[in-house]
Every structure is written in structure tokens, then in C-alpha cells.
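Undergrad: Residues per chain, in single letters:
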Amino acid sequence: MVLQSVKNCLWLSCVLRTPKACFWSTASGGLIIQSVSNDVYQNLAVEDWIHDHMDLEKQQVLFLWRNSPAVVIGRHQNPWQECNLRLLRQKNIKLARRRSGGGTVYHDLGNINLTFFTTRKKYERMENLKLVVKALKALRPQLDVHVTDRYDILLDGQYKISGTAAKLGRTSAYHHCTLLCNADKFVLSSVLKSPFKGLKSNATPSVPALVKNLFEEDPSLTSEMLLDAIAKEYAVQHHIDHHITLINPADETLLPGISDKTKELQTWEWVYGKTPKFSISTCLNMVYKDSVLDIKVNMDVKHGRIEVCNIDLPEQWLPLGLYSELVKSLTGSKFCPNETTTLVTTLLRLCPQDDELHSRWSLLCENIIRLM
Amino acid sequence: VCIHRVRSCSSIRFIKSKYVCVFDKSALKFSHQQRLFRTSAVSCGQIVQFKLSDIGEGITEVTVKEWYIKEGDSVSQFDSICEVQSDKASVTITSRYDGIIRKLHYSIDDIAFVGKPLVDIEIDASKGVASEEDVVETPPMSHEEHTHQEIKGHKTLATPAVRRLAMENNIKLSEVVGTGKDNRILKEDILNYLAKQTGAILPPSPKAEIVPPQRRAEAVPAAPKDKARKIPVPVSRPIAFAGKDKTEPVTGFQKAMVKTMSAALKIPHFGYSDEIDLTQLVQLREELKPLAEMRGVKLSFMPFFIKAASLGLLQYPVLNASLDENCQNVTYKASHNIGVAMDTEQGLIVPNVKNVQVCSVFDIAVELNRLQSLGSAGQLGTSDLTGGTFTLSNIGTIGGTYAKPVILPPEVAIGALGKIQVLPRFNSKGEVVKAQIMNVSWSADHRIIDGATMARFSNLWKSYLENPASMLLDLK
Numbered sequence: 001m002v003l004q005s006v007k008n009c010l011w012l013s014c015v016l017r018t019p020k021a022c023f024w025s026t027a028s029g030g031l032i033i034q035s036v037s038n039d040v041y042q043n044l045a046v047e048d049w050i051h052d053h054m055d056l057e058k059q060q061v062l063f064l065w066r067n068s069p070a071v072v073i074g075r076h077q078n079p080w081q082e083c084n085l086r087l088l089r090q091k092n093i094k095l096a097r098r099r100s101g102g103g104t105v106y107h108d109l110g111n112i113n114l115t116f117f118t119t120r121k122k123y124e125r126m127e128n129l130k131l132v133v134k135a136l137k138a139l140r141p142q143l144d145v146h147v148t149d150r151y152d153i154l155l156d157g158q159y160k161i162s163g164t165a166a167k168l169g170r171t172s173a174y175h176h177c178t179l180l181c182n183a184d185k186f187v188l189s190s191v192l193k194s195p196f197k198g199l200k201s202n203a204t205p206s207v208p209a210l211v212k213n214l215f216e217e218d219p220s221l222t223s224e225m226l227l228d229a230i231a232k233e234y235a236v237q238h239h240i241d242h243h244i245t246l247i248n249p250a251d252e253t254l255l256p257g258i259s260d261k262t263k264e265l266q267t268w269e270w271v272y273g274k275t276p277k278f279s280i281s282t283c284l285n286m287v288y289k290d291s292v293l294d295i296k297v298n299m300d301v302k303h304g305r306i307e308v309c310n311i312d313l314p315e316q317w318l319p320l321g322l323y324s325e326l327v328k329s330l331t332g333s334k335f336c337p338n339e340t341t342t343l344v345t346t347l348l349r350l351c352p353q354d355d356e357l358h359s360r361w362s363l364l365c366e367n368i369i370r371l372m
Numbered sequence: 001v002c003i004h005r006v007r008s009c010s011s012i013r014f015i016k017s018k019y020v021c022v023f024d025k026s027a028l029k030f031s032h033q034q035r036l037f038r039t040s041a042v043s044c045g046q047i048v049q050f051k052l053s054d055i056g057e058g059i060t061e062v063t064v065k066e067w068y069i070k071e072g073d074s075v076s077q078f079d080s081i082c083e084v085q086s087d088k089a090s091v092t093i094t095s096r097y098d099g100i101i102r103k104l105h106y107s108i109d110d111i112a113f114v115g116k117p118l119v120d121i122e123i124d125a126s127k128g129v130a131s132e133e134d135v136v137e138t139p140p141m142s143h144e145e146h147t148h149q150e151i152k153g154h155k156t157l158a159t160p161a162v163r164r165l166a167m168e169n170n171i172k173l174s175e176v177v178g179t180g181k182d183n184r185i186l187k188e189d190i191l192n193y194l195a196k197q198t199g200a201i202l203p204p205s206p207k208a209e210i211v212p213p214q215r216r217a218e219a220v221p222a223a224p225k226d227k228a229r230k231i232p233v234p235v236s237r238p239i240a241f242a243g244k245d246k247t248e249p250v251t252g253f254q255k256a257m258v259k260t261m262s263a264a265l266k267i268p269h270f271g272y273s274d275e276i277d278l279t280q281l282v283q284l285r286e287e288l289k290p291l292a293e294m295r296g297v298k299l300s301f302m303p304f305f306i307k308a309a310s311l312g313l314l315q316y317p318v319l320n321a322s323l324d325e326n327c328q329n330v331t332y333k334a335s336h337n338i339g340v341a342m343d344t345e346q347g348l349i350v351p352n353v354k355n356v357q358v359c360s361v362f363d364i365a366v367e368l369n370r371l372q373s374l375g376s377a378g379q380l381g382t383s384d385l386t387g388g389t390f391t392l393s394n395i396g397t398i399g400g401t402y403a404k405p406v407i408l409p410p411e412v413a414i415g416a417l418g419k420i421q422v423l424p425r426f427n428s429k430g431e432v433v434k435a436q437i438m439n440v441s442w443s444a445d446h447r448i449i450d451g452a453t454m455a456r457f458s459n460l461w462k463s464y465l466e467n468p469a470s471m472l473l474d475l476k
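Keeping their order, the protein sequence lines are chains X and P. Here full-length UniProt numbering is used: position 217 in the first sequence is 217, and no number is missing along the way. Here full-length UniProt numbering is used: position 127 in the second sequence is 127, and no number is missing along the way.
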């Protein structure tokens, strides 16, 4: 056991270059690290890495991180249901799926993220949140903040300033939460509103809440101050030095295998493909020439791919061969606008060169793509 | 072995009476023979009910969200079995045993109960893994009351992914040397192990080389020198490559490409290739690049190639035409919508620049920039990808010289541009000079285009590019 700690300490001290004495000499182990990156995928990868590789028996870890604008959905959620994907793409806001459960959150640099790593046995969310509240109160005693039994932190009894999620593995666990300091509430509310109608799914739904920034309550507060206050309280409770170690999530020598983890979090298969099975049942209202067509569309989507596809077109509106070609090609294809666009434009090459036909095809396909 | 298991069960203090080891009937029949012979050959496995262990925080039920295995799969200890969710916490349940999954007790979205069986695993009885413990107490009072017994004996440390890799390749983890922390087996260790089997991927370690027998009387020099003197004899070891073929369905965009390419090959193609001296164009571009940058646009060679093609199409409009399905009518398209083949993550897409006949080289550059950034972001629209009449494929950016491009219906011609190389050529004075040479390979629909037309178009296009100033005369 001692040998293990020495090994840990040596690894840490030479790789993290902390001038302080080895951690094993303190009574209760703890380590506070902060990411230098604002990339949501890199930071989520660091969480994965610590969860998979670090021995948390002797030493618990607090990880502090902030992201440039991103929407983060829970492990078992449906992005189509949780946010406005078109708006995300337009505004270049990233979409990430984390490995912990819970609901959807919006991150930007005005939001701070805290991850508490412990062994599975020492997993205790309430304690962590109480630590955060204690730190906030130490910083600004007049703040009315408390923890609810849903593991939220409320300001003035009604505004949510923090949401929580957790991941448990075989031997280790982590609990992470957000903290709204000075986030863009306008963007937050617009991206977290999904325009999707007619979606049926068993994915975990988010519970919308009224939010407020701590900055609104006290304009003298900054993200840095909050991070520092929380680190200080953690240091006190774990009997360690109030020292934050900076880490670079792109450093493969410090965190071997991290770039693979980062890449995996960005794959379509993870972000969209892990969506639990869902079905959509909607009506496309298409204006064609002087009439309005109501086209019923039903699709079943599993692993992000269209399993079953039904488009109720008026008879002869498209040649039968072309229609069946469309349905056949969509079946098994990703429920993704880019994939569908390239698919339908490629299929168009096989159509007879008829302007009328082309415009009907384009109209129908563009409406279908808009669903995604 | 079965009797041994019963004994070990009773010796562990914390097992509750309702912990059931389900023996199938044949196991009982063998039990007497086991006592006498104590040999391995046991045909049955023992089915163990793996219960959902305590999650913590007083949680008694969870929702099953995803299964990582199905009935009939074999699992190793620590492999991930499923993902369950409870109140914002996502929990990965890992297997406690090596064995085969025989029954899943829940479906996706079912509520699972702590302390109740989650899966039935058939344990390979010949392995004789000591069964262990995990106390299941619901609801727990505090953490101190939990006691977990670790497995005594040999435990191989490896992450679930590494275990899966080993399983897929039929490798026993006990035979792999772990080089990670605490002798943990890493992915590299599995790959090294595999490489030793095939002798192919990595250079063999000194131990693996067969050294011809040496007489003891000879002085034995140090090992490295030894290797240098001896000729390593390749050993014909039976290659135990255990990789598996992977079959995937052809879906989505790929399916559409299959159809298009099959239709394309029905077109009788003929090819025509030539060499273009771009020395003057290279110089011109160097001069114009900073001007374009000042206007915020990246200027490559493509805008020049595209504009020159359009000028050529004005003289030879049949190359910008389309043949109908029955080959009854040829439609000469008025717009020159020149497609530019782009390589993206999904594969080949061909957005086109509309109406090149009325665009300047700079306009084309602007449009190309727009299409390229949309293309890499995966956000090209249907109008960008439809309506093309002629295509250029700059495969040279990846490499290659000559190519045999396939015409994209409903077009009738396509050009593939190779890479620009610096090669020696003779100038008009008969001296050898450095020239920037690029090859072009055209393909055309021989039903309505003949070789002479293609050749003349190519010569015209070539002359515009070899002497860019001549483009000025014909620019509209």
C-alpha cells in the first residue's frame, strides 16, 4: 500500500512539477486540478481518464473546468428532444454527450464545472454540494443559497444556479455539477428549447428550471473568485495545501490515451448514435405551386439511424420508382441532415432531367432534412 | 469441483441464505465422480445469478438503460455488462465472473431492483473461481457498515476495453504480460502479444529469433554481436492470427453512391490525357495571392482551372450537355455549373460553382472558399450539391498523376487533375529548364462526344493555363 502511494506521488511530483512535498505525507489525500483548455470534449476526456486510470483510494480529486459555448446532454438523453440543433449549428455551439446521467445543460465561460472524484465507496453527492454552498457563503455571507433534495443549488429559494450529475464505475465514481456565475442566459434559453414536435422517446427528459447568474445577485463576483473559494474549502476539508495544479488535456505524456478518449467523445456514433430508440410522427406542410400539401411522416430511429421510414405522399406526386428509392435509401441511414443531403442529391443524378420533378424532389427532401 | 464450490460457499461468512447456486442436474450426477477422480473434464457450467449490487445513497431501484452484452455472449471479469440510471447518476455495472451470459432479467427501460438478479452467468466450472461476496444490504445505513470481500488469488488487471480486445482475439489474459500500473494489461500489451503470434507487425524481440545451435566449446560473445554474426532463420511457426472479419451493411450515402456509380458505368467512357506546363500560372498566382488575401479570400489554382474550363465550354458546348434516358435528345445546358470534387469524412461529395460563365476568377475563389468551409463543417445545402453540368476533380492535392475519372450522370464529361511536379523540360532554345508540370485526365461520354472534340477542348484549356495572359482576350 505504501509502495503504491510512493509510486503515485513520484509520478505526480515529477509529471505535475509541484514543488510541494509528496502528498502521501498528509493525513488525508486530496488533489485540486484545473484544466487550461476550454474545449468541452477535451475536458470530458480528462474526467474519463481520471475515472479509468487514477487510484482514488489514497487521494480524492477535485477537477475545475470551464468550456467555450457548448450544450452537454446526459448519457441517456435525446439531443433532438433537448435542444435546438439547427440553432446550435448556426451559432457554432458544440454538442457533447457526457457519460454521467441527468439532464441537459448549457456551458459557456460564465459557467464553472466542478468534478469530485472519489472511490465508489466514498461517493457522496450531498457532502460535495454542501462544500460548495459553504464556500459560497464564506465568500459572500449574505448569499441565500441552499441545496435541495434533488441535488440542485437554489439562489433565493427559487433560482437554479447549479445542476448535478454523477457516474459510478466498478471502483471509482465522480459527481460533477455546474455553477452559473455569468453565463449568457439568453443563448441558454434559446438553445435549450427544442422545436421538435411529435417525438416519442424513453430518453431521460430534462426538467426545465428558472435560472439566475450569481453575477446578477452580486456583480463583484467573477468565475475566478468562485473557483478559488471552492478550491480553498476543498483544501480545508481534505487537509491539503490550497494549491491548484494546472493540467493540459492535450498532454499525451501526462495522460496517456487521452487523445483517443477525446476523439471518441466527438464521434457521431457517441453523440447521436447513443440516443435511446425514439419515433417521430409529424406532418410536413409544403407549399407547392398554389396549394399546400400535408405530408405525414413517421420514422423510427435506433442508434441514431432510421429503422423504419414512412412518407405519406399524394399518389403520383413522385414517380413510384423514385419514391421507393428514397425510402429504401433513408432506411438504415443516419438521422442526420448532412448525410441525408448528400444521399438525396446523389440519388437525384439518377432521375430523368425534368425540372418539375426536380423541384418536387428538392422541396420534399428539404422539408425532411429540416426535421433532423 | 462442484463439491469444492459448495464447501467454499459455506466457509464465507457473509453469504445470505437466499444466495442460490443453481446446479443443473448433470452436475449433481458428476459430483460423485469428482470426489474420486478430481480431474477437470466437466461438461456443465454452473449458472450463477449475478445480483445488482448496492449503488449507494440508499437507492433501491434503477432503470436499465443499455445492455452491453446479449444472451450467449461470453464475458470476462470486469467487463461492462450494462448501464443503469438512477436519479441523475449513470452507473456502469461490470461482471464479477468469467463466463457466458445465459439470461438477461430486464429489458431496456425496465426498473431493476438492488439485490435482485440482473443476469444469469454460466461460469466455466473447470476454472474453479472462488465465488465471492458482495454484501447486499438494503437499505444501507452508512458506508462503514459495508464490507466487501475482494477476490483472493490471481486477479488480472485490465480495463473492459482491453478485455474485449483480448476476447475478440481469443487471448487468455493470464498469458499476457502487463506493463501498466500494478502490472495492468494495456492495449499495447495485447497488440504486442498478437504481433508475436503473427511475427508480422512489430520487430521480433531478441528472444523470439531462432539462433542456430552453437558448440559449447566456442567462446560465446555478447548477445548483440551474436545477432549480427548469425543469419536469423525465419521460423515457420503456425500463424495463429485470430482476427475476425467484420461485415457491415451498406447504408445511407454509400448506398446512393453504389447506385450512381452503377449507372455511371453504363456510359461508354473514353479517356484523353495531357500534360500542362503551369510555370507561368504558378508565378501569376504568387503575385495575386496577397491581393486576394487582402480581400479575405484564399486563392488556390482551382479558380483558374475552373474559369479556363468555362471558356473552353463556350467553344465546345457539347461537353456541357446532357443526354436523356433513351438517348433521344441532347440538352445543351446554358449555365456552366462546374462541380468540384471534395473529399470529406463521409466520402466524395461534389458541390458546384453556379454560372461560372459570368463569374470572374475572384468570384469563383470566393464561392470555393464558401463551399469548402461548408463542406468541412458538414453543412452543404441541397442547392450546392445539385445542378452540376461539368466536373473537375483535383485528386492531385492528395497525390497521383494520371487517373481514369468516372463521369457523374447526368453530365457527359469530367477531368481529373494530378499533382503539380517540378520536372525538367526543354525550352524553345533547346535548354533544359525547371518546369511546373501537371497532368490532366479527361473522360467523356462517347455516345455524343468524339475524341477530336475532347482533344480540341483540352488543347484550348491547356493554352489558357500555359499562357494565362491569353485568357484576358476571351474573358466575358
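Keep in mind that the hints are not guaranteed to be accurate.
[Unchecked claim] Below, a list of computed lysine to any residue pairs in the SDA-like style, where the Cα atoms sit at most 25 Å apart:
1) Lys302/X to Glu345/P
2) Lys328/X to Gln346/P
3) Lys122/X to Lys259/P
4) Lys277/X to Gln346/P
Think of the hints as simulated: they come from the structure by calculation, not from any bench. This structure is a prediction, so every number in the text was calculated from the model and none was measured.
Undergrad: Is the Cα-Cα distance between Lys302/X and Glu345/P 25 Å or less?
TA: Holds - the C-alpha atoms of Glu345/P and Lys302/X are around 22 Å apart, at most 25 Å.
Undergrad: Holds or violated: Lys122/X with Lys259/P, Cα cutoff 25 Å?
TA: Since the Cα atoms of Lys122/X and Lys259/P sit roughly 58 Å apart, the hinted pair is violated (cutoff 25 Å).
Undergrad: For the pair we were handed, Lys328/X and Gln346/P, check the Cα-Cα distance against 25 Å.
TA: Measuring from Cα to Cα gives roughly 19 Å; hence the hint holds.
Undergrad: Going straight from one Cα to the other, do Lys277/X and Gln346/P come out at no more than 25 Å?
TA: 24 Å, holds
Of the numbered hints listed earlier, the single one contradicted by the structure is hint 3.
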